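Engineer: Put together the whole structure using the sequences plus the hints.
For the record, the sequence lines run as chains A and B. Here our numbering is used: the first residue of the first sequence is 1, the next is one more, and so on. Here our numbering is used: the first residue of the second sequence is 1, the next is one more, and so on.
Since the hints were made in silico from the structure, they are not lab data. Note that the coordinates shown come from a computational prediction; the quantities given were computed from them, not determined experimentally. Even glycine gets a Cβ: it sits at the ideal position worked out from N, Cα and C. Certain hints may be false.
In the DMTMM-like style, the derived pairs of lysine to aspartate or glutamate whose C-alpha atoms are separated by at most 20 angstroms in a straight line are [to be verified]: (1) A/K433 - A/D385; (2) A/K390 - B/E515; (3) A/K492 - B/E515; (4) A/K537 - B/D471; (5) B/K433 - A/D304; (6) B/K390 - A/E567.
Computed footprint of chain A on chain B; a stretch qualifies when at least three of its residues, placed anywhere within it, have a C-beta under 8 angstroms from a C-beta of chain A [unchecked claim]: (7) 163–172; (8) 424–433.
Now for the letters of each chain:
Protein chains: 2
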Amino acid sequence: MPDVLRRYLPVLEWGRTYDREQASSDLLAAVIVTIMLVPQSLAYALLAGLPAEMGIYASILPIVLYAIFGTSRALAVGPVAVVSLMTAAAVGKIAVPGSAEYIAAAITLAFLSGVMLAALGLLRLGFLANFLSHPVIAGFITASGIIIATSQLKHVLGVSAEGHNLYELVVSLLSHLGEINPYTFIIGALSVAFLFWVRKGLKPLLIGRGVTPRLADILAKAGPVGAVAVTILAAWLFGLNDKGVALVGDVPQGLPPLTMPSFDFDMWLALAGSALLISVIGFVESVSVAQTLAAKKRQRIDPDQELIGLGAANIGAAFTGGYPVTGGFARSVVNFDAGAATPAAGAFTAVGLAIASLTLTPLLFFLPKATLAATIIVAVLSLVDFSILKKTWIYSKADFLAVASTILITLGFGVEAGVTTGVLVSILIHLYKSSRPHMAVVGQVPGTEHYRNVLRHKVITDERILTVRVDESLYFANARYLEDAIYDMIAKRPKLKHVILMCPAINAIDMSALESLEAINERLKAGGVSFHMSEVKGPVMDRLKRTDFFHHLTGKVFLSQHQAVTELTGKATEGKKSKADRSA
Amino acid sequence: MPDVLRRYLPVLEWGRTYDREQASSDLLAAVIVTIMLVPQSLAYALLAGLPAEMGIYASILPIVLYAIFGTSRALAVGPVAVVSLMTAAAVGKIAVPGSAEYIAAAITLAFLSGVMLAALGLLRLGFLANFLSHPVIAGFITASGIIIATSQLKHVLGVSAEGHNLYELVVSLLSHLGEINPYTFIIGALSVAFLFWVRKGLKPLLIGRGVTPRLADILAKAGPVGAVAVTILAAWLFGLNDKGVALVGDVPQGLPPLTMPSFDFDMWLALAGSALLISVIGFVESVSVAQTLAAKKRQRIDPDQELIGLGAANIGAAFTGGYPVTGGFARSVVNFDAGAATPAAGAFTAVGLAIASLTLTPLLFFLPKATLAATIIVAVLSLVDFSILKKTWIYSKADFLAVASTILITLGFGVEAGVTTGVLVSILIHLYKSSRPHMAVVGQVPGTEHYRNVLRHKVITDERILTVRVDESLYFANARYLEDAIYDMIAKRPKLKHVILMCPAINAIDMSALESLEAINERLKAGGVSFHMSEVKGPVMDRLKRTDFFHHLTGKVFLSQHQAVTELTGKATEGKKSKADRSA
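Structural biologist: Pasting the structure below:
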């Protein structure tokens, strides 16, 4: 029992040895992360089309639950850009932004996603996330970044614009360009410029003035807090709320409320597909962040346990007024760089955010939405990176096709269509490739017992014997290809007496492939050619022995290819002799 | 140009050498097939919920078009049981059986299916059909046979019953049991009994009386014609139409009408999925029949050209009042056994059916539907064969899972859900298996240059060197598994200095896997372990050289594993020495 507990509750592992030194590291990291998280959480809630405070709520209980169930020591869980965008896309399909149904749907989405993640973790199905290939993720993140940045332009310009793909967004923005609010635009543009400068120019400046690189890095990451403070002050001083500048407005003061997901089955059905996509994207993003950070300290991440940790975090979000969360890259890196030693840093961050939610919320009344939009734009544009297109183009056209279609479909039809396309195209390409396995006709390298591809080496062959080596396991998708290839080869070789299938690279033969081998055997038999196999692996042999395949096989199974050729050359000669005798 | 023509018009090939002898063989076969096809075509139209004459129409122009475009010399194209059932399921979703919309939808379905087949053929995508594995097809046909037989019981009993899956059908039948029409039941039951006897008992009897086996076989196949003739006579003599026996009734006399598919986009959208499933199932069934027959005469079938032939046949069906067709097993075997030498036999059959349509249709007025239902039941029950469950259970549990889920979902949720499930389950199982490739830690077989699995052989290993052999190509779905496996192995080997990835079975490395190799290289470097590769295949090496992978690789690439170990053992010893020197 304790073993099971320790497996599912990693907190029991690190909690036992928790000491004062670790606590002080964690506390410092928590303070820094809290300062960074306040504007970020508000901004991502805005991106998801939700009230700003939901971003804060989504960072409190989820962080604590992840600390208990998760395996990464540095991962910081909460709202992130891509998942917020996906939440907006999913919930926007069934409710109007700003309505009570919209909020209820976002909460329910977190719940469904949490249940799915936890279920996948308990069933140890984490490997499913592998079907989202690295290049597809890179393309998806890049395209999402562009959509997110474009979607936030409306807040920077002070106009209204809607759309879930690039085309809709741009058309909508252009048609509202005449309504630009100059005050909003000034705040927005200055914030964007300031935040870009903080990101690129502040750190070198600070280091030049003698600040340690680590501190300079953390200060640069606090840029958004500065922008938030200054624009709040400006909005209050100049009474910008009377001048058409959209402000965050009243934010309830207090701890996260207790909320319930909807148990309406129709809503579940409508959100299930989106919840699955969000779960997978969130999980993949989170695990790759966690593994990158763990690698630096030679720690290990258990992907299945990560699913459980993220599942618990999302279920927690659903019951405390939050929306779908996952491990964020920026916040986790800050947490790590600030020296977080254990997941307790996350728990301390939660306390910090709870205090912020209790005390700071009145100050947010004057916070311009343009400032938050500026922080989102600057954050996501750093994710945009088209170099994956060039890289895959050079390395593999198949990967390029997967990335390019992911980017195009994401931009043209939105995030859900994009990520689905990426996965499907990758799988189809893989299936296509494995449905035409590499095959080689082999011959003997003179003076050796080695057999090599006749096309690449000078080898000895015998027109009565054809040896085909297949370099892949045989299964339903390539079984017929094998049949066709062999039939084509024998059609061209009238003097053929023996076909040898050389199997050193065949790790498995499924039922369809077995039937194809039987068909090949029958077909060859009808043409007076016998069918042999050589170098069959142990497990494959064991399985074939369970069937009556060897009762029908016209030829033999040889341990080595050389043995096969030696024996058959003798036989073939005898056969030829007796034929010659007969005709004589 | 002539080459292109000859490729797409196989008729030009066999037509050039067509002679009187072939013509007389073809003519005889055509007469026999025509006699067999009349009742069969009527029956399958009934199964599809369509007017009986549509079955005949679907056998005329399609047969001629297949003779021009198809590559099989014996395949007979027309309505078949499974495709008729699938047509009923597809069209029944959007129209009421018996209505004009229902007929229009069936015609449109043939058109869409024809266009899809032809497009797949022109794009040379015939390989896609391979994803329907042999065991899944076997399971699907068995389950469909049960549904078809059950669906026809209502005609034999003279009651009304509806449903697209076994449960609905059985419930509906049971609730109408009180309404059995005794006359219908007598005709139906006697027909079933007679047809079963013809199938099992007539052939031995005829052979016993000195009839040649081939003729006996053909006479036995003509059983349905006998049943049709006798029951028509009985219905007419006893005036059964006044006694509640459902008869075929008025059938228009004449050649097939010219019809047009609907060009309503909403209908296309509604039918597209079904059309694709019908195309794939029809193609797979047809090709397997064609290949079986071609093999007997050592002829070859071109699957892509077959797609074009079947596509033309279905488009032809759509314009002449037919519905989806494909190459049928029973009719093709009869055609082959009756001595058909070329596809011209099909053209002659079409003429025969046209004559039947012009002259025989008035006789069909008195044909009881129960007789047709009986012919269907007897025909499809011969397809039901559960032995595939036992076979796969013994050979491979993965294949068993695919078959069992196909059968259960087909019976429980209908044909479309069933075949989709079969394909998806097969692909998921394949992806799951290939996502956990076989890996072995290898060591040197004493006294040789061979390296083998440490778990299976007595081999020499060095605690400073770990050699891992992966027996599968590396791609996105198994890249992370490889990373995890290697990290786990190095965590257990504190004295490790070198990791060698032995690659003789790796035929490809995709972009995701390349990134994983880079990650492994970085991770090992951080731990002071260098990363080498051995026996990398030529094409894989060429591709890796296009990237900067080798600039970062901490170790080397060795042509042979033995060379790697020899060189690294030297190095490792030196490393150890120098360390020892330092500590001394």
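Engineer: Taking the hints in turn, state whether each one holds.
Structural biologist: Cross-check of the supplied hints:
Our distance criterion of 20 angstroms between C-alpha atoms is broken by A/K433 and A/D385, whose separation comes to about 28 angstroms. Between A/K390 and B/E515 the CA atoms are separated by roughly 15 angstroms; this keeps the pair inside 20 angstroms, and the hint holds. Distance hint between A/K492 and B/E515 is unfulfilled; the C-alpha atoms sit about 43 angstroms from each other, more than 20 angstroms. Note on A/K537 and B/D471: the hinted pairing holds, with a Cα-Cα distance of about 12 angstroms set against a maximum of 20 angstroms.
For the hint linking B/K433 to A/D304, the alpha-carbon distance of about 18 angstroms falls within 20 angstroms, and the restraint holds. A hinted pair counts as satisfied when its Cα atoms are at most 20 angstroms apart, and B/K390 with A/E567 does not qualify at roughly 37 angstroms. Evaluation of the coverage hint for the stretch 163–172 of chain B: breached, as 0 residues show C-beta separations to chain A shorter than 8 angstroms, against a requirement of three. Against chain A, the stretch 424–433 of chain B contributes 6 residues with a C-beta closer than 8 angstroms to a partner C-beta. That satisfies the three-residue criterion, and the hint holds.
In summary, the numbered hints that this structure violates are 1, 3, 6 and 7.
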